[in-house]
Structures are given as structure tokens and as C-alpha cells.
Amino acid sequence: MSNLTLKTLGLMSLTCAALTGCGEGMPEAVTTSTATAEQELAWPFPFPTPEELEQRARYLNYLSQAGFTNPSELRTTKEIVACDTYVSQGAGTFNSGVTRDCVYQATEYGWGIESVRLEVLQNRNGRGSYTYNTLAEGGQFNFNVQEIGDKWNVALELAAKAADIEVQKKLQIDYQRHMERTLALSANKNTVHLQVTANGGLFEKSEIHVKVYATLVRLQ
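Going letter by letter, the sequence shown gives residues 27 to 246 in this note's numbering.
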């Protein structure tokens with residue numbers, strides 16, 4: 027293996043909330059997707075008519091009255107660096123290597139972990155190794171499926187009382203889509219654990235640098 031190897035390992039589904047470990051510093055936001063509610067929900071964007079804009083405003087108002095904070099941000103996503111771990115060990119060593127652990131747990135209210143991906147930025151002489159998995163720890167899940175459903179039903183009732191038929195239809199469609207996604211993510215795990223080991227040889231130094239990225243989605 028070459029001195030600098032970059033490979034991406036696949037996505038793993040998970041869920042919820044932020045604890046950082048192994049002296050790597052706080053996780054940092056690196057990207058925010060353009061997957062906005064307008065693009066994912068039942069709206070003919072990006073070229074809305076004035077009438078559609080008015081309907082959209084009423085739609086968001088019903089959700090806001092029902093208890094959603096900043097409802098236009100529902101189902102937006104962002105990617106953060108959950109772990110950024112570097113380990114090295116010099117040549118001429120005969121022990122079991124140097125190991126470092128990193129733990130990330132999402133804690134931001136209303137957001138759940140949708141997926142993670144891992145990158146090996148460096149593995150000098152191919153002597154480094156790593157493992158990572160997802161866990162359900164501490165019961166710290168940041169969204170409540172029942173509460174989300176109840177709030178959406180309140181929004182539907184408000185639209186019905188106002189005889190706002192078109193917006194009521196859109197709320198009903200988006201309720202089904204949003205709850206399907208929420209229920210799917212509620213089965214995921216809320217914590218990422220990464221363990222990285224550098225194992226130097228008699229004549230070779232070992233250096234390994236691994237990053238884990240988590241994609242978070244706003245559900246509540």
C-alpha cells in the first residue's frame with residue numbers, strides 16, 4: 027500500500043445526538059446540503075407562482091402554530107466531522123501498537139444521524155488499522171416520533187378548520203413522507219465509536235489518519 031491512501035467506506039444508517047472524544051476537539055460542521063423542505067416536500071419549486079408562495083406561507087404558519095420551530099428547515103441535512111483521529115508509532119518498536127479511541131454522540135435537539143461515512147486519509151506502510159461501529163448509548167435521542175406526529179396532526183386540523191383545502195392536501199402528503207422517514211431513522215443508533223491503531227515495525231514507521239463524517243437530518 028502507498029504512503030498516502032485515500033478510500034471511502036460505505037454508508038451506514040443510524041440516529042440521534044454530541045460528545046467528542048480522544049482529544050480531537052469539537053466536531054465541526056463541514057457542509058450543509060441544499061436538500062431543503064421545498065425540494066423534498068410536495069411543492070413545485072424552484073419556480074413558484076405568487077399563489078404557491080401564499081400557500082407555502084400558510085403551510086408553514088400551520089406547522090408553526092402546531093409547535094414546530096422554524097418549520098421551513100424540516101428535513102434539511104448537514105454533514106459534520108464526527109471523529110478526526112491521527113495515530114503514529116516509530117520504527118524499532120515491539121509492542122502491540124498505539125491505539126486511540128474517539129466517540130461521537132449527536133446532542134442537537136430535533137436532529138438525527140441519518141448516515142455515516144469513513145475516510146482513511148493516511149496509512150503509512152499499511153501498518154495501521156481501525157474499527158468503527160454505531161451504538162445506542164445513553165438513551166439520548168433528540169426527536170420524539172409521537173410528538174412529531176401529534177404536532178403535524180394539529181397543523182392538519184388547523185388547515186381543515188380554515189377550509190384551506192389545497193394546503194391541507196399538501197400537509198397530508200408531507201405528513202406521510204415525513205413520518206416514514208422519522209420512523210425509519212428512529213430505529214438507528216445515536217453514537218459512533220472509532221478506534222485507530224498504529225503499529226510500527228522493526229524498520230518501518232506507522233502513521234494512520236482516519237475521519238468519520240456523520241450526516242444529520244432535522245426531523246423536529
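A hint or two may mislead.
Said to hold, decoys possible - Quick list of in silico lysine-lysine cross-link-like pairs, DSS-like style, CA-CA up to 30 Å: (1) 104 to 215; (2) 196 to 177; (3) 104 to 187; (4) 215 to 231; (5) 104 to 237; (6) 215 to 177; (7) 215 to 187; (8) 196 to 104; (9) 177 to 104.
To be verified - Label pairs and their computed distance ranges (CB to CB): (10) 186 to 206: 35 to 45 Å; (11) 135 to 179: 14 to 24 Å; (12) 133 to 188: 32 to 42 Å; (13) 201 to 116: 11 to 21 Å.
The set of hints was computed from the structure by calculation and includes no laboratory data. Note that the structure is predicted; figures quoted are calculated from it, not measured. Glycine included, each C-beta is placed from N, C-alpha and C at the ideal position.
Exercise. Which numbered hints turn out to be false for this structure?
Worked result: Hints 3, 4, 7, 10, 13 contradicted; others consistent.
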